[in-house]
Amino acid sequence: MRNRILFFLFCFSFHFASAQIRIHEVVINNLGPVMDFESSFEDWIEIRNYGSTSVNLAGYHLSDKIGNPSKWTFPSVNVSPGAVVIVFASGKNLVNPEFHSNFSLSQGELLYLTDPALNLLDSMTLPYCPAPYSYGRNTNNVLSFFSSPTFNDPNNGMGYWGVTVAPAIQPSTGVYSSDQLLSFLHHDPNVTIHYTIDGSEPDVNDPVLTAGTMLSFIGTNAGNYWSLIPTNPSFNYPLGSYDSARANTRGWLPPYSNVYRFNVVKAKAFPNYPGALPSESTTSAVMVDPQLNSNFSLPIFSLIADSSDLFSDDRGIYVWGNAIDGNYNEVGDNWERKANIALIDVNGITQFESVVGIRTHGGGGRHSCQKSLKLNFREEYGKGHLDYILFPGKTQNRFDNLILRSNGHRPDCIPRDDISSLIVEGIPLDHMNVRQVVVFINGEYWGLHSIKENLNADYFANKYSIPKEEVTTLDKEGDVEEGTLSDSLLFQNLKDFIDGSDMTISSNYDWVKTQMDVDNFIDYQLSEIYFGNGDWPNSNTRMWRKSTSFNPLAPAGQDGRFRWIFYDQDGSFGGSCSNVFPSMNGIQQATLTGPLFGSYTKILRGLLTNNDFKTAFINRYCDLLNSWFKENRIQSIVQQSDNIYRPEMQRHVERWRYPSMSTSLADRANEVPDLQRWDAIIYQLDSFARYRPEKQRNQFQAYFSLGDSIKITLNVNDTVMGRVKINSLLIHPQLPGVEGPTYPWTGLYYENIPLQLKAIPMPGYQFLEWQGTGITTDEITVTLNTDSVITALFVIDPSYDPLRDLKFNEVMAKNNSFIADNYGEYDDWFEIYNPGSDTIDLNNYFVSTSLIQPTQFQIIAGDSSTKIPPYGFKLFWADNDLAQGNLHCNFTLPAAAGSLYLFLPDGITMVDSIHYEGMTDNVSYGCYPDGSDDKIWFYYATPGMSNLMTSMAEETAIAEQLIPYPNPADGEELFLNRSTTFSVYDVNGKLILNRQNTNRIPLQDMVPGLYFIIDKQGNHARFIRL
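Using the working numbering, the letters of the sequence shown correspond one by one to residues 745 to 1770.
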């Protein structure tokens, strides 16, 4: 949540003593059993009439912000004496069929109740109150905790005065090379700590720690425990939707051998005195293993949960259980369970721990013996999100939920989905990043999984810096999953328009391009076609958009157009987990008609009647087959995946008895687990990579009645001087599929299909001509009917002035309170310096935190100027919030260590870079003096101004510091906390004014910006003029 600074004055009339309408009870962390009308566990507020007469609540208000006391308003509802009214604090903002406020509850906030005249009737500070407890007024009207919420009823008894603090466990989660002494730490000697070693929730009947208890190496020495519990009906079929086909392809069998295990400890503090409730439990996953690196080649993902939540018949989410069609097929909040998770890297270092809600995930994969789990980070469990750079090479460091994915709806689908995600990396599609891990549940080996992003509204909100409430996702039918209901009608209208209109008319096609991202749609369709996904397009099709009017100037994903989601490739590589089929006709499947497919293919079929779309569609596939889908690249990715999985595969096969050469459950039960099936899978995927491009070219040729394939060879006279772009491909060394020298580059296209070529000179050079043609236009269209060689000639640009000597001058990756942006937020920032004597416009330059993704953020001219004057500075906010302006980036800066790279508009040529490590609060790092290669730490940063100013702004004692207010300032005058003699400077060090023996600063003649105050003793302050 962003920290916003608000300045206001507000007066209340207080009526606590006489109020008969008061806040009676709240649940801050609702994990059940109370559910709202949508079967969601939402926090709730109970309002009670303590008086002797009925009260109508029309116009009364609830709020979590004192500055906005009328945030949510009651409709007309009568409350009889002693009666209560429930308001779910869900943020849904409803009055029918239930009352739902437009805000939620969080620990530490204040809740306010006001009458129609905004008189404050009651307020309540929301304390730490873990599930399943509630907080409210006891029978003596004293605020207390209750062990069981009394939803819609009076609060019974005296309640409790507090909740006991949870104990700490030593050793903490991690890997240790020798035995460890187990101990518990707690500040209160008058508590008893009970613990368990099987993941179950401790109670007073569990043991108390005895002195000298050691945690030792377990490995495969202890036998199997949790892994002996069937996770589907196995041989007991048919049972509901679990039939013989599912039994034979994913039926459960016990492990072939003893699985690896390690210690799990869960502890809970129980008070030895009345009036306090027991604590929450604390967990620790302790692997004692001197040979960790030789035992496991992948990170370890530990999941600890109460065994009844996983495996019991009445509430276990990982078993068939008592539900009509299996517990694991149940959905909704009622089937979410609490769990502790931790990620331990290959060096045995714990990367993060968190408490989450888990539920089963997927469709047919729920029947699989090894299941996928959705991990929900909620405030009900602790922190509402994960702050961690989870995927190597990526900068995303916030996740609201994740998927712990098994190997597919059938275990033999491994590793199709993972490989597909790796292959499309770099294509502008919304797809899941992936990280392979070894999972342990309650300390017992659970096999290979992949951590993946969950492609829901949270994902798109985080990726594209969009408020979650503005994100709409649609299912394959176009029905709303999350978001604005009217977006479903917009999508249906779009489909009907394409299906019922003449797409050969340019104006019709132009309108379509305002409603859907056509380039994204082409990439999505072609990717599904290449992979030959047999579980598509009448399944695994989803769309999303930002719910706003079309804005052609907005970045991709924020322009209001529909985009398609690439996910679930278990059925890829020819459509079967049992085999691989390079010859599957993907374009034919993508355009099928009839009752099963027609509704899902009508957009593509309609658009293909437009010649411009068809040409772009065909050429883009040729581009992809010459790059991302090129044989050598796919083979390399297959080999990389084999290298990742193979060291763990034998242990995985022995645990789950998959992948398997057997075709029936009975045969598999008698099979000795080995890697024969895995070897076959890798061989088949490699064969797909080799044969798929030719099969696809032939199928496209037949479907579209195209001419023969032709080779076009592109060359340049000097690779230092320039490059060539063909259609969507810029030919450069980092282009996927490029091996060896970049030029000459050869690709396969179709004869008589127009190709777009563009010559792009490097800085300091200019385009001369297309060799041998006399054509000097840098962009040309060519239509070829034979193999051709085309060379772009470049020469030195005599007028070139190297105004590219820009520098990252300063960076702050932990701006907790130093300087706020134009929204009052303390965001990370960096500064670019122009050391030259001419103005430089940064428009279209790129800034990135990773060399792998040089075009991560493009600077675009907008509300704020992108020009840097001579010897000037430009400040950028690394806040992952593009909506706040063109100087706000789509990334944040990690404090531990990070890098920044500045690229020319070609997205390839690097201008400058800076690397930092170990940022601390409000300390920056940069050049001293400006633009120098020498870097230092600035304990008084100088954002947007010369770094030489740091010598004018040394830190002074807090008691002597100047404090300006209000800050930021938007009036005609600013005040200091004391009278003094001072000077005001702008960010360039220019003196603006002097004042003597006063605490007032006139602002009338100051332009908006950042200013510094320095008094005659050298004390300093800073303020922003809005």
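Keep in mind that the hints are not guaranteed to be accurate.
[What the hints assert, rightly or not] DMTMM-like, lysine to aspartate or glutamate: derived pairs with alpha carbons at most 25 Å apart:
1. Lys1358 x Glu1483
2. Lys1374 x Asp1386
3. Lys809 x Asp1522
4. Lys1469 x Asp1386
5. Lys1220 x Glu1169
6. Lys1082 x Asp1131
7. Lys1455 x Asp1423
8. Lys1212 x Glu1569
9. Lys1239 x Asp1254
10. Lys1127 x Asp1665
11. Lys1439 x Glu1495
12. Lys1502 x Asp1386
13. Lys1220 x Glu1097
14. Lys1127 x Asp808
15. Lys1207 x Asp1240
16. Lys809 x Glu853
17. Lys809 x Asp859
18. Lys1082 x Glu1169
[Claimed, not checked] Label pairs and their computed distance ranges (CB to CB):
19. Ser1723 x Gly776: 58 to 68 Å
20. Ala1605 x Gly1137: 24 to 34 Å
21. Asn934 x Tyr969: 32 to 42 Å
22. Asp1254 x Asn1587: 22 to 32 Å
23. Asp1254 x Asp1418: 52 to 62 Å
Source of the hints: derived by calculation from the structure; they are not laboratory data. Just so it is clear, CB atoms sit at the ideal spot from N, CA and C, and this is done for glycine as well.
Hint-by-hint comparison with the structure:
Restraint check for Lys1358 and Glu1483: not satisfied, since their Cα atoms lie roughly 30 Å apart, outside the 25 Å limit. Between Lys1374 and Asp1386 the alpha-carbon distance is near 19 Å, which keeps this suggested pair within the 25 Å criterion. Annotation: proposed proximity of Lys809 to Asp1522 is violated, straight-line Cα distance about 59 Å (limit 25 Å). With a C-alpha separation of about 34 Å, the suggested pair Lys1469 and Asp1386 falls outside the 25 Å cut-off, and the hint is violated.
Distance hint between Lys1220 and Glu1169 is fulfilled; the C-alpha atoms sit about 23 Å from each other, no more than 25 Å. Of the pairs offered as hints, the one joining Lys1082 and Asp1131 holds, with about 19 Å between alpha carbons and a cut-off of 25 Å not exceeded. For the suggested pair Lys1455 and Asp1423, the alpha carbons sit about 35 Å apart, so the restraint of at most 25 Å is broken. Proposed proximity of Lys1212 and Glu1569 is supported: the alpha carbons are some 19 Å apart, at most 25 Å.
This hinted pair checks out: Lys1239 and Asp1254 have alpha carbons roughly 15 Å apart, not beyond 25 Å. Restraint check for Lys1127 and Asp1665: the C-alpha separation of about 21 Å stays at or below 25 Å, so the hint holds. Simply put, Lys1439 and Glu1495 have alpha-carbon atoms about 18 Å apart, close enough for the 25 Å limit, and the pair holds. For the given pair, Lys1502 sits about 39 Å from Asp1386 by alpha-carbon distance, which is inconsistent with the 25 Å threshold.
Taking the CA atoms of Lys1220 and Glu1097, the gap is near 36 Å; set against the 25 Å cutoff, the hint is violated. Restraint check for Lys1127 and Asp808: satisfied, since their Cα atoms lie roughly 19 Å apart, inside the 25 Å limit. For the proposed pair Lys1207 and Asp1240, the alpha carbon gap of about 30 Å is over 25 Å, so the pair is violated. A C-alpha spacing of about 8 Å is found between Lys809 and Glu853, which places the hinted pair at or below 25 Å, so the restraint holds.
Only pairs whose Cα atoms come within 25 Å are accepted, and Lys809 paired with Asp859 is accepted, the gap being roughly 15 Å. For the hint linking Lys1082 to Glu1169, the alpha-carbon distance of about 33 Å lies beyond 25 Å, and the restraint is violated. For the pair Ser1723 and Gly776, the supplied restraint of 58 to 68 Å holds, since their beta-carbon distance comes to about 60 Å. With their beta carbons about 30 Å apart, Ala1605 and Gly1137 fall inside the hinted range of 24 to 34 Å.
The hinted range of 32 to 42 Å is satisfied by Asn934 and Tyr969, whose Cβ atoms lie roughly 35 Å apart. For the pair Asp1254 and Asn1587, the supplied restraint of 22 to 32 Å holds, since their beta-carbon distance comes to about 27 Å. Separation of Asp1254 from Asp1418 is about 59 Å and conforms to the stated range, judged on CB atoms against 52 to 62 Å.
When the structure is compared with the earlier hints, violations turn up for hints 1, 3, 4, 7, 12, 13, 15 and 18 and for no others.
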